[in-house]
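Undergrad: Sequence:
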Amino acid sequence: MSHSSEATSENTVASTKPFGLQLGAVGFAIASFIVIHGVSFGVWRLFVDPQVGVWKFYPQPFGVYLFWAILVIVFIGFNLGMHGFSQMSQPVGGIVTTAVTLALGFALPMLLIFGYGQLDPAFSATNFAGHGAAGLIVLIGFYGFGVVANSMDGWPWTDAGMKQPMVGYAQILTGFFLTVVGYAALIYPCLASWTAPDRVIMSLPTAIGWFYSVITVWLTTVLVLDLWPYSMFKTRAGRALAAFFGNFILGTGLYYILLALLKNVLIPADALEKIGPAITLWPAQLGVWIVNILLFWALCCGNAPTSLSPGMNRVARFIITYALGIGAFVVYMKWFAVQVLHEAAIVPGFGGDPLTWVDLLNLILLIFVCYFGFFGISKKQGANVCSVCGKTGCSCQAGA
5 MSHSSEATSE NTVASTKPFG LQLGAVGFAI ASFIVIHGVS FGVWRLFVDP
55 QVGVWKFYPQ PFGVYLFWAI LVIVFIGFNL GMHGFSQMSQ PVGGIVTTAV
105 TLALGFALPM LLIFGYGQLD PAFSATNFAG HGAAGLIVLI GFYGFGVVAN
155 SMDGWPWTDA GMKQPMVGYA QILTGFFLTV VGYAALIYPC LASWTAPDRV
205 IMSLPTAIGW FYSVITVWLT TVLVLDLWPY SMFKTRAGRA LAAFFGNFIL
255 GTGLYYILLA LLKNVLIPAD ALEKIGPAIT LWPAQLGVWI VNILLFWALC
305 CGNAPTSLSP GMNRVARFII TYALGIGAFV VYMKWFAVQV LHEAAIVPGF
355 GGDPLTWVDL LNLILLIFVC YFGFFGISKK QGANVCSVCG KTGCSCQAGA
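Sequential numbering of the sequence shown, starting at 5, is according to my numbering.
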């Protein structure tokens with residue numbers, strides 16, 4: 005009888021054991037890093053690399069399809085909560101969802117460029133003008149569609165009792181409205197045939213740099229600050245509205261901080277001179293690296309630390325992620341972009357365009373995490389598994 009019970013127990017364990025490697029917390033993060041960067045580098049060498057790529061689609065049309073694929077992930081993963089895909093077993097579910105994402109990521113901008121572009125020169129395919137215009141929709145849309153799903157937690161639609169997929173469709177309609185308003189106000193006047201300095205709220209580089217700073221603040225509060233400071237509001241409506249508008253206020257402050265850091269510390273004087281007035285775009289170039297680290301830290305590193313007081317957890321995560329983001333920007337600009345990715349140098353020893361490479365990293369990260377659920381690797385389970393070394397019964401403080 006006992007042998008039968010043991011056999012049943014062993015079969016149960018075997019059937020529930022995740023496929024692939026079981027790793028400790030550090031090993032899991034390292035393996036995730038290797039998968040994300042390895043796949044991204046393979047895609048870069050196939051489709052992007054301006055020197056040795058098999059197909060050299062850099063910066064366009066690769067950029068527009070990359071950006072729209074990220075926006076489709078927001079639709080499927082954030083707004084719709086993986087509705088219709090989450091019940092599929094892996095890796096089939098991940099493959100199917102990725103195929104749908106890539107198909108829509110191509111189809112939607114192509115409709116804009118080769119359809120609407122016949123009517124509006126701003127979206128014309130000539131000289132890839134429409135690719136740039138369509139890609140900038142994602143800048144506004146990433147916030148417009150994303151913020152209603154997480155910072156606002158689906159308010160007010162979830163409060164009305166709506167369930168998936170209807171609540172997701174309601175979020176998408178809300179995001180569509182916010183994106184159209186934002187694009188019409190900030191971006192389109194800079195691209196239209198009738199554009200003039202007195203007809204725009206701000207220049208296009210400034211609009212990109214400022215709005216990406218808003219995105220950076222949004223994801224900082226969601227991913228590593230537990231929605232603080234907006235969590236201090238007692239009602240869901242209060243938190244939702246505070247988050248939506250507060251991101252613009254805090255994002256404006258971050259824009260000026262990042263701009264000052266770039267001008268005075270991170271960018272060499274000769275590169276600053278060559279960049280010229282377009283320097284106002286560069287908070288986006290730094291911000292995209294910070295966002296990548298925020299995503300990786302929250303999704304692949306367990307959002308450590310979690311054992312301190314709530315306030316100290318937030319402070320530590322903020323310092324760690326921003327320091328790593330700034331450090332990654334420096335390594336990329338001073339070495340990786342030109343020497344490894346073969347991007348153009350701005351001046352000797354400094355070059356690259358972070359928005360393309362880092363958004364590729366972000367795309368692969370989100371596909372691996374949201375669509376494939378880390379298929380192939382998993383964290384070791386057990387009450388005494390150390391969060392630092394990943395071993396059981398270790399003598400370090402974290403595992404004691």
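To be clear, the hints were calculated from the coordinates, so they are not data collected in a lab.
Just so we're clear, the structure is a prediction, and the values are computed from it rather than from any experiment.
Be a bit skeptical, because a hint or two may be false.
Claimed, not checked - Here are the simulated DSBU-like cross-link-like pairs (lysine-lysine), alpha carbons at most 30 Å apart as the crow flies:
#, residue 1, residue 2
1, Lys-267, Lys-278
2, Lys-267, Lys-338
3, Lys-167, Lys-238
4, Lys-60, Lys-278
5, Lys-278, Lys-238
6, Lys-60, Lys-338
Undergrad: Does each hint hold? Answer for all of them.
TA: Tested hints:
{"no.": "1", "hint": "Lys-267 <-> Lys-278", "in the structure": "holds (12 Å)"}
{"no.": "2", "hint": "Lys-267 <-> Lys-338", "in the structure": "holds (15 Å)"}
{"no.": "3", "hint": "Lys-167 <-> Lys-238", "in the structure": "holds (23 Å)"}
{"no.": "4", "hint": "Lys-60 <-> Lys-278", "in the structure": "holds (26 Å)"}
{"no.": "5", "hint": "Lys-278 <-> Lys-238", "in the structure": "violated (49 Å)"}
{"no.": "6", "hint": "Lys-60 <-> Lys-338", "in the structure": "holds (23 Å)"}
Comparing the model with each earlier hint shows a violation of hint 5 alone; every other hint is respected.
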